[in-house]
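Protein chains in written order, with our numbering: chain E, 1 to 94; chain U, 101 to 194; chain L, 201 to 294; chain X, 301 to 383; chain D, 401 to 483; chain W, 501 to 583.
Take the hints with a grain of salt, since some may be wrong.
Said to hold, decoys possible - Estimated spans, in silico, between C-beta atoms of each pair: (1) E/Glu15 to U/Glu116: 28 to 34 Å; (2) X/Asn355 to E/Lys59: 20 to 26 Å; (3) X/Glu310 to U/Ser139: 33 to 39 Å; (4) U/Glu116 to W/Lys546: 36 to 42 Å; (5) L/Ile230 to E/Ser33: 21 to 27 Å; (6) X/Asn355 to E/His54: 48 to 54 Å; (7) L/Lys255 to D/Met417: 38 to 44 Å; (8) E/Ala90 to U/Leu173: 21 to 27 Å; (9) L/Ser233 to X/Ser356: 52 to 58 Å; (10) L/Ser239 to U/Lys155: 18 to 24 Å; (11) E/Gln58 to W/Lys544: 55 to 61 Å; (12) E/Thr51 to U/Thr123: 38 to 44 Å; (13) D/Glu421 to L/Ser256: 18 to 24 Å; (14) D/Glu412 to L/Lys255: 16 to 22 Å.
By construction, these hints were calculated from the structure, which means they are not laboratory data. Everything numeric in this text was worked out from a predicted model, so none of it was measured. Quick reminder that beta carbons are idealized off the backbone N, C-alpha and C, glycines included.
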Amino acid sequence: MDKSMLGGDMPQLSEEDNVRMSTMIDQLQIRDSLRMYNSLVERCFTDCVDTFKHKSLQKQEESCVRRCAEKFLKHSMRVGMRFAELNQGAATQD
Amino acid sequence: MDKSMLGGDMPQLSEEDNVRMSTMIDQLQIRDSLRMYNSLVERCFTDCVDTFKHKSLQKQEESCVRRCAEKFLKHSMRVGMRFAELNQGAATQD
Amino acid sequence: MDKSMLGGDMPQLSEEDNVRMSTMIDQLQIRDSLRMYNSLVERCFTDCVDTFKHKSLQKQEESCVRRCAEKFLKHSMRVGMRFAELNQGAATQD
Amino acid sequence: ASNDTASSLEKEQIFSMAEKEMEYRVELFNKLTHTCFNKCVEKKYKESELNMGENSCIDRCVSKYWHVTNLVGQLLGSGRPGM
Amino acid sequence: ASNDTASSLEKEQIFSMAEKEMEYRVELFNKLTHTCFNKCVEKKYKESELNMGENSCIDRCVSKYWHVTNLVGQLLGSGRPGM
Amino acid sequence: ASNDTASSLEKEQIFSMAEKEMEYRVELFNKLTHTCFNKCVEKKYKESELNMGENSCIDRCVSKYWHVTNLVGQLLGSGRPGM
Chain E
1 MDKSMLGGDM PQLSEEDNVR MSTMIDQLQI RDSLRMYNSL VERCFTDCVD
51 TFKHKSLQKQ EESCVRRCAE KFLKHSMRVG MRFAELNQGA ATQD
Chain U
101 MDKSMLGGDM PQLSEEDNVR MSTMIDQLQI RDSLRMYNSL VERCFTDCVD
151 TFKHKSLQKQ EESCVRRCAE KFLKHSMRVG MRFAELNQGA ATQD
Chain L
201 MDKSMLGGDM PQLSEEDNVR MSTMIDQLQI RDSLRMYNSL VERCFTDCVD
251 TFKHKSLQKQ EESCVRRCAE KFLKHSMRVG MRFAELNQGA ATQD
Chain X
301 ASNDTASSLE KEQIFSMAEK EMEYRVELFN KLTHTCFNKC VEKKYKESEL
351 NMGENSCIDR CVSKYWHVTN LVGQLLGSGR PGM
Chain D
401 ASNDTASSLE KEQIFSMAEK EMEYRVELFN KLTHTCFNKC VEKKYKESEL
451 NMGENSCIDR CVSKYWHVTN LVGQLLGSGR PGM
Chain W
501 ASNDTASSLE KEQIFSMAEK EMEYRVELFN KLTHTCFNKC VEKKYKESEL
551 NMGENSCIDR CVSKYWHVTN LVGQLLGSGR PGM
């Protein structure tokens with residue numbers, strides 16, 4: 001999640017309220033990062049780990065998880081760029 | 101989500117607390133509406149859009165999305181009615 | 201969810217803050233229990249109920265739901281134990 | 301000013317409980333709605349209307365979901381009637 | 401001290417609305433990301449790179465998801481442009 | 501009254517971080533539980549007991565999930581050990 005995504009037209013705020021608003025955005029970003037972490041683990045585990053004969057992660061599973069996570073992060077960045085473009089397009093149309 | 105769903109036996113509240121409670125319910129309804137909007141988009145997109153040869157929505161996909169959304173909303177209203185009946189039945193049994 | 205799961209190194213807190221922290225943990229546990237209840241119902245309903253010729257739950261569906269819920273709860277307890285062991289192992293490694 | 305008096309912590313807890321209760325009901329309703337849509341509604345969306353078969357399936361699905369909620373509630377020892 | 405004056409309730413509502421709006425956007429972004437990953441990306445993970453086909457699928461998927469968001473928004477009468 | 505003094509904003513942030521951390525752990529536990537149930541447990545529910553095969557699958561599943569959490573954590577640069 002990118003800070004610019006949350007943008008938009010905010011009413012004029014006092015110094016104190018600005019601090020509060022920015023604190024709130026930071027808090028949302030922290031929560032979102034933690035959720036993303038959880039859902040990335042869930043997805044890559046589900047897609048890559050299917051046998052339970054061993055207690056530890058097998059080499060093949062490990063490299064699958066790595067590629068899965070990297071691929072998802074690249075995907076997520078690309079989506080973020082496209083999403084930002086559409087958001088800006090919508091903003092200029094207004 | 102219908103306000104009546106949230107009903108139930110509330111203890112006697114002061115005027116001030118009533119305002120606060122009702123503000124809280126409004127806030128939950130707003131959050132719920134936004135989530136419903138998001139999940140409706142996700143569902144109808146997933147069910148109706150499957151080819152990515154074009155950048156824009158094809159006529160056929162568009163009408164599928166329309167019917168999907170309308171159908172889901174009708175479904176949701178029916179579930180709401182049945183759910184309210186069961187809630188009331190449970191309340192009278194108590 | 202087990203209270204010990206939430207543990208970790210907390211900074212020194214005043215009496216008042218301790219009360220607040222413990223209230224917060226209680227609140228999270230209540231929310232988590234309610235969510236668990238909802239997701240258990242959803243899972244066992246989805247896995248056990250598939251015919252809609254009757255309005256009321258059939259004997260066979262009912263016993264399926266019972267076994268499903270009991271099995272999930274036992275599973276959840278076992279996962280909790282293993283999870284706690286891993287958490288403790290990680291804590292001692294630090 | 302009564303909002304910030306001594307009992308404010310208790311009051312917070314009451315409001316917090318009410319909030320959780322409502323969140324629970326909203327989540328129950330949403331899960332019920334999505335589950336019964338999956339069980340009962342044809343996904344090719346040839347129509348925007350629910351047909352008779354879908355409608356009666358939905359009614360029964362809601363009723364059965366309610367029963368399962370009660371049943372699981374009993375097992376969990378909450379004793380809450382569909383709540 | 402201006403934070404606890406008479407209008408604090410209204411201010412709470414403004415902040416609360418802004419918070420919900422942001423939560424909404426975050427959720428939209430997350431659902432979009434997961435949905436397009438499911439639609440476009442090969443799940444055997446032989447590579448950690450996105451190939452050309454995947455990349456163009458992702459771009460079109462985001463664009464179409466955006467259109468669907470607008471379309472459903474119109475149907476819901478919100479009139480919010482992808483928001 | 502110490503609750504409303506000058507540093508209340510900082511304190512809010514500390515509590516808010518602790519809350520997020522706990523929410524994160526609860527979510528991790530819930531996802532782990534649901535994922536391992538899906539991977540290991542037979543869904544016909546002929547028994548309400550977990551059999552030996554299911555039990556050992558669950559133990560290994562939890563262990564592997566933990567490893568994946570650490571691995572992904574390293575990739576994300578958080579360095580948090582399963583946390």
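Verification of the supplied hints:
no.	hint	verdict
1	E/Glu15 to U/Glu116: 28 to 34 Å	29 Å, holds
2	X/Asn355 to E/Lys59: 20 to 26 Å	54 Å, violated
3	X/Glu310 to U/Ser139: 33 to 39 Å	36 Å, holds
4	U/Glu116 to W/Lys546: 36 to 42 Å	56 Å, violated
5	L/Ile230 to E/Ser33: 21 to 27 Å	25 Å, holds
6	X/Asn355 to E/His54: 48 to 54 Å	51 Å, holds
7	L/Lys255 to D/Met417: 38 to 44 Å	42 Å, holds
8	E/Ala90 to U/Leu173: 21 to 27 Å	24 Å, holds
9	L/Ser233 to X/Ser356: 52 to 58 Å	34 Å, violated
10	L/Ser239 to U/Lys155: 18 to 24 Å	37 Å, violated
11	E/Gln58 to W/Lys544: 55 to 61 Å	29 Å, violated
12	E/Thr51 to U/Thr123: 38 to 44 Å	52 Å, violated
13	D/Glu421 to L/Ser256: 18 to 24 Å	43 Å, violated
14	D/Glu412 to L/Lys255: 16 to 22 Å	45 Å, violated
Violated hints for the displayed structure, listed by number in ascending order: 2, 4, 9, 10, 11, 12, 13 and 14.
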